[in-house]
Amino acid sequence: MNEKENKGGNNDEPNKKFSIWDLPDVPMGQLPPHLQLQKTRVVCKADAPIHTDNISYSGAYASIGVDNSVHLDLFRDNFKVNVIRLTKEDMEFDMIGIDPALANAFRRILISEVPTMAIEKVLIAYNTSVVQDEVLAHRLGLVPLKADPRLFEYLSANDTPNEKNTIVFKLHATCKRGERRTVYSEELKWLPKGSELIKEAGQADSKPTTYTSFTCSQDMLPEFSEDPISPSEDKIILAKLGSKQEIELEAHAVKGLGKTHAKWSPVATAWYRMLPEVLLLEDVEDEVAEELVRRCPDKVFDIEDIGHGKKRATVARPRDCRLCRECVRGEGWEERVELRRVKDHFIFTVESTGVLPPEVLFTEAVKILEEKCERVISELS
Amino acid sequence: MEHGSLNDPSKATFSFVDEDHTLANSVRFCLNQESVPFKLLPIALKKSLLLLCDELTRMRYCCSPRVSVCGYSIPHPSDARVNIRIQTTGDPAREVLKDGCQNLMLMCQHVRGALDKAVADFRMDNPTKMETKSDSE
Numbered sequence: 001m002n003e004k005e006n007k008g009g010n011n012d013e014p015n016k017k018f019s020i021w022d023l024p025d026v027p028m029g030q031l032p033p034h035l036q037l038q039k040t041r042v043v044c045k046a047d048a049p050i051h052t053d054n055i056s057y058s059g060a061y062a063s064i065g066v067d068n069s070v071h072l073d074l075f076r077d078n079f080k081v082n083v084i085r086l087t088k089e090d091m092e093f094d095m096i097g098i099d100p101a102l103a104n105a106f107r108r109i110l111i112s113e114v115p116t117m118a119i120e121k122v123l124i125a126y127n128t129s130v131v132q133d134e135v136l137a138h139r140l141g142l143v144p145l146k147a148d149p150r151l152f153e154y155l156s157a158n159d160t161p162n163e164k165n166t167i168v169f170k171l172h173a174t175c176k177r178g179e180r181r182t183v184y185s186e187e188l189k190w191l192p193k194g195s196e197l198i199k200e201a202g203q204a205d206s207k208p209t210t211y212t213s214f215t216c217s218q219d220m221l222p223e224f225s226e227d228p229i230s231p232s233e234d235k236i237i238l239a240k241l242g243s244k245q246e247i248e249l250e251a252h253a254v255k256g257l258g259k260t261h262a263k264w265s266p267v268a269t270a271w272y273r274m275l276p277e278v279l280l281l282e283d284v285e286d287e288v289a290e291e292l293v294r295r296c297p298d299k300v301f302d303i304e305d306i307g308h309g310k311k312r313a314t315v316a317r318p319r320d321c322r323l324c325r326e327c328v329r330g331e332g333w334e335e336r337v338e339l340r341r342v343k344d345h346f347i348f349t350v351e352s353t354g355v356l357p358p359e360v361l362f363t364e365a366v367k368i369l370e371e372k373c374e375r376v377i378s379e380l381s
Numbered sequence: 001m002e003h004g005s006l007n008d009p010s011k012a013t014f015s016f017v018d019e020d021h022t023l024a025n026s027v028r029f030c031l032n033q034e035s036v037p038f039k040l041l042p043i044a045l046k047k048s049l050l051l052l053c054d055e056l057t058r059m060r061y062c063c064s065p066r067v068s069v070c071g072y073s074i075p076h077p078s079d080a081r082v083n084i085r086i087q088t089t090g091d092p093a094r095e096v097l098k099d100g101c102q103n104l105m106l107m108c109q110h111v112r113g114a115l116d117k118a119v120a121d122f123r124m125d126n127p128t129k130m131e132t133k134s135d136s137e
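So the protein lines, in turn, are chains Z and X.
All residue numbers in the first sequence are consecutive under full-length UniProt numbering, ending with 381.
All residue numbers in the second sequence are consecutive under full-length UniProt numbering, ending with 137.
Honestly, I wouldn't trust all of these hints.
As the list claims (entries may be wrong) - Calculated cross-link-like contacts (lysine-lysine; reagent style DSS-like; alpha-carbon spacing at most 25 Å): (1) Z:Lys146 <-> Z:Lys88; (2) Z:Lys88 <-> X:Lys98; (3) X:Lys98 <-> Z:Lys367; (4) Z:Lys88 <-> Z:Lys367.
As the list claims (entries may be wrong) - Simulated restraints on C-beta separations: (5) Z:Thr209 <-> X:Pro77: 40 to 50 Å; (6) Z:Ile96 <-> X:Gln87: 31 to 41 Å; (7) Z:Ile96 <-> X:Thr89: 28 to 38 Å; (8) X:Arg123 <-> Z:Glu351: 43 to 53 Å; (9) Z:Asp148 <-> X:Asn7: 42 to 52 Å; (10) X:His110 <-> Z:Glu246: 18 to 28 Å; (11) Z:Thr269 <-> X:Lys117: 19 to 29 Å; (12) Z:Arg325 <-> X:Asn126: 41 to 51 Å; (13) X:Pro77 <-> Z:Asn54: 19 to 29 Å; (14) X:Gln109 <-> Z:Thr182: 27 to 37 Å; (15) X:Pro77 <-> Z:Ile84: 27 to 37 Å; (16) X:Lys117 <-> Z:Thr182: 27 to 37 Å.
Stated by the list, open to error - Looking from chain X toward chain Z, a few residues come up when the C-beta cut is under 7 Å (computed): (17) Phe29; (18) Pro65; (19) Arg94; (20) Cys101; (21) Cys108; (22) His110; (23) Val111; (24) Leu115; (25) Ala118.
None of these hints come from the bench; they were simulated from the model.
Only a predicted model underlies this, so the values are computations on that prediction, with no experimental measurement involved.
For each residue, glycine too, the CB sits at the ideal point set by N, CA and C.
Turn these sequences into a full structure, and let the hints guide you.
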């Protein structure tokens, strides 16, 4: 790099060439403000957003002598997580200092690659309801089950179903003559000792076997003895029965991934958005301020009095902005208001279906990405 | 997972089976960030930088990217396969990919630690909110 030699030359002996970095008012090692804006903010104009790509290449600004790489230490210092809301079912938190590639990877893993338990095989003994067998089986599959998938193994095609890879439920509902009733998910009864339906024996004198071979009862495990496995919601409607109709079935649940079928997805959904930034480019006063406050459906703007009866608009709650762009629609508004998004500040929301608490789900998702990297590294070595 | 490489070890295409954008985009991001750390620069260069420059300038001259091209493609969406192309400025592509994955793993571990700490802090500050099942916000 020529500049390096120049600098070396400067300190050793007076030289005719000089480095621009010697000028006192040029900030060293930083980007000029317009490039900084391009790198860190998406500007949302009225018709389309600009500067949406991420300049992540470490040598992107090498020609002006700025290092664009993010060493691990720098990442560790800048990365922050703030939890905004955390309940048993959902979580909203901020991740600051992370790249969209990683944030999207976490979101994708949460939706499709965190394993859960869901009903896969339904053995129907008797069904005289108006709900067809396959429709009922489909509905049963979609019921979220409150069972920790980390305690179970996958069931492959040539494995026998045993207590380590299957959960068995029973449903027996009848309806009395002259009445109608609804069958809810709370009627799914967990059978810790395995299947109770007897298989038709091939030979006449062999021992009767069931569809699963549990060697020990599942409620011997400490996790299940206090907290029995059940659907995570009680009032999910499974079927409706009319007079004298009956359903008797057994359902086997196995471990799977959301990639295979959405019933195995542990989140209702998980999404993120970038932190909105709203700027007033000029002083917005009086009637124009009132109109601005009226236009925004999310109440992002507020009016403040600045004396002499004049009013000015301020940005009070930029985080609530949903980017409806009402404030920049129309003549002249784009010069007054600028909508931006901060590229490395993500507001993540995770809504769990009840399988695992949302913070545990996100931790599992991060672990899964680590495992993928480990697999790649071990394959390459 | 296989790899296809030529006689020149600094340029290679790695083909990952059963992977998709999730891993490929994250690895591509980490590879783009790869640069030669100060410790590994040649000794003469290091000495001159230490003598002549202050901290800020030294950091600036550490920008020596290891990767010149890094990209991924999915040949067909029905096929669960991703091809990652890496062309480096001298180092063998395998090493750079391994270092990139290593960095990604360390970043993930840090993310996990930060999240756990943030959740613990939140719980300490808001002990009553944990009891509510549904949020009224």
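A quick look at each hint next to the structure:
no.	hint	verdict
1	Z:Lys146 <-> Z:Lys88	holds, 13 Å
2	Z:Lys88 <-> X:Lys98	violated, 38 Å
3	X:Lys98 <-> Z:Lys367	holds, 18 Å
4	Z:Lys88 <-> Z:Lys367	holds, 21 Å
5	Z:Thr209 <-> X:Pro77: 40 to 50 Å	holds, 43 Å
6	Z:Ile96 <-> X:Gln87: 31 to 41 Å	holds, 33 Å
7	Z:Ile96 <-> X:Thr89: 28 to 38 Å	holds, 31 Å
8	X:Arg123 <-> Z:Glu351: 43 to 53 Å	violated, 19 Å
9	Z:Asp148 <-> X:Asn7: 42 to 52 Å	holds, 51 Å
10	X:His110 <-> Z:Glu246: 18 to 28 Å	violated, 56 Å
11	Z:Thr269 <-> X:Lys117: 19 to 29 Å	holds, 26 Å
12	Z:Arg325 <-> X:Asn126: 41 to 51 Å	violated, 34 Å
13	X:Pro77 <-> Z:Asn54: 19 to 29 Å	holds, 23 Å
14	X:Gln109 <-> Z:Thr182: 27 to 37 Å	violated, 48 Å
15	X:Pro77 <-> Z:Ile84: 27 to 37 Å	holds, 36 Å
16	X:Lys117 <-> Z:Thr182: 27 to 37 Å	violated, 45 Å
17	Phe29	holds, 4 Å
18	Pro65	holds, 4 Å
19	Arg94	holds, 6 Å
20	Cys101	holds, 4 Å
21	Cys108	holds, 5 Å
22	His110	holds, 6 Å
23	Val111	holds, 6 Å
24	Leu115	holds, 5 Å
25	Ala118	holds, 4 Å
Hints 2, 8, 10, 12, 14, 16 from the list above are not met by this structure, while the remaining hints are.
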